[in-house]
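Colleague: Sequence:
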Amino acid sequence: MKKAILWDVGGTIFLHTTQSHELIAQGLIQIGIDPRSISQEKMKLALGEFVKNQHKWHTIQEEKDGYGKLVSILTEESAVTQKQREQLTEHIFNYYDCYTIVADIKALLEELREKGFTVGIISNWMPSLHFLLKHHNMDHYFDLVLCSGEVGLVKPNAGIFLEALNRLEITADEAIYIGNDLEDDIYSVKPLGITAIHFEPERGIDAELSDVDSLRTELFRLLSKD
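So in the working numbering, spot 135 of the sequence shown is number 135, and the numbers just go up one at a time.
I should point out that these hints are in silico values taken from the structure, not numbers from a laboratory. Hints should not be assumed to be uniformly reliable.
With a cut-off of at most 27 Å between alpha-carbon atoms, the simulated DSS-like pairs for lysine-lysine come out as follows [claimed, not checked]:
| no. | residue 1 | residue 2 |
| --- | --- | --- |
| 1 | K225 | K106 |
| 2 | K190 | K115 |
| 3 | K115 | K56 |
| 4 | K3 | K83 |
Label pairs and their computed distance ranges (CB to CB) [claimed, not checked]:
| no. | residue 1 | residue 2 | range |
| --- | --- | --- | --- |
| 5 | H136 | Q61 | 19 to 27 Å |
| 6 | Q19 | E169 | 34 to 42 Å |
| 7 | K225 | H136 | 27 to 35 Å |
| 8 | Y187 | S224 | 22 to 30 Å |
| 9 | K44 | E111 | 37 to 45 Å |
| 10 | G48 | F220 | 40 to 48 Å |
| 11 | K83 | H135 | 41 to 49 Å |
| 12 | Y187 | N137 | 26 to 34 Å |
| 13 | D34 | D211 | 34 to 42 Å |
| 14 | K3 | G48 | 36 to 44 Å |
| 15 | H135 | E62 | 26 to 34 Å |
| 16 | E49 | L223 | 17 to 25 Å |
| 17 | S224 | T100 | 30 to 38 Å |
| 18 | S37 | E111 | 45 to 53 Å |
All C-beta atoms, glycine included, are put in the ideal place defined by N, C-alpha and C.
Construct the entire structure; sequences and hints are all you get.
Modeller: Structural data, given as structure tokens:
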């Protein structure tokens, strides 16, 4: 019998509407720096540093320090004060409006909770995922929020899924996992015995399931089998 519905975040619950370089450009303007003064090479180096290290940040402080290093790379050849660097770091850390909630997803989450299902998140994300959910008034839907940064495990590593099952005290056949990435979210959970649903709202008509209505139909079809 299925007890838990587990979700990916990026590209599944939230869609990225402002890209990282755009967020940085906005922050640079706020501290009085023309974004065009930052070379593409410097921007690429800073973003590369972020991609390389984001899953190594186990705490909020480590994440903030990581953004601080990114800012140092960007501004090392600019005449900026320490206060300006701190302002830019804070701007990047507060990235939450760069994401928008997938249409109608809240209604489905609410329905699942009303029906008594455990609802959780397993995501390749930094510790600030908790703040992102709270910022968008989404945190109350989830019994578990497990992000790669905090546990030191990154999908498709099976360990992060097994950790979630352990914390929820359920078996693999009692869980359904919903995600948009075939490698990280679908192929990785099937060998564990977790039922997977491939949901890609960003792909539109090209995806097997791209809207919440079709997702809901497939989800409750699977749940009705128990």
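Colleague: Which numbered hints are broken by the structure, listed smallest first?
Modeller: As far as the earlier hints go, 3, 4, 11, 15 and 16 are violated by this structure, in ascending order.
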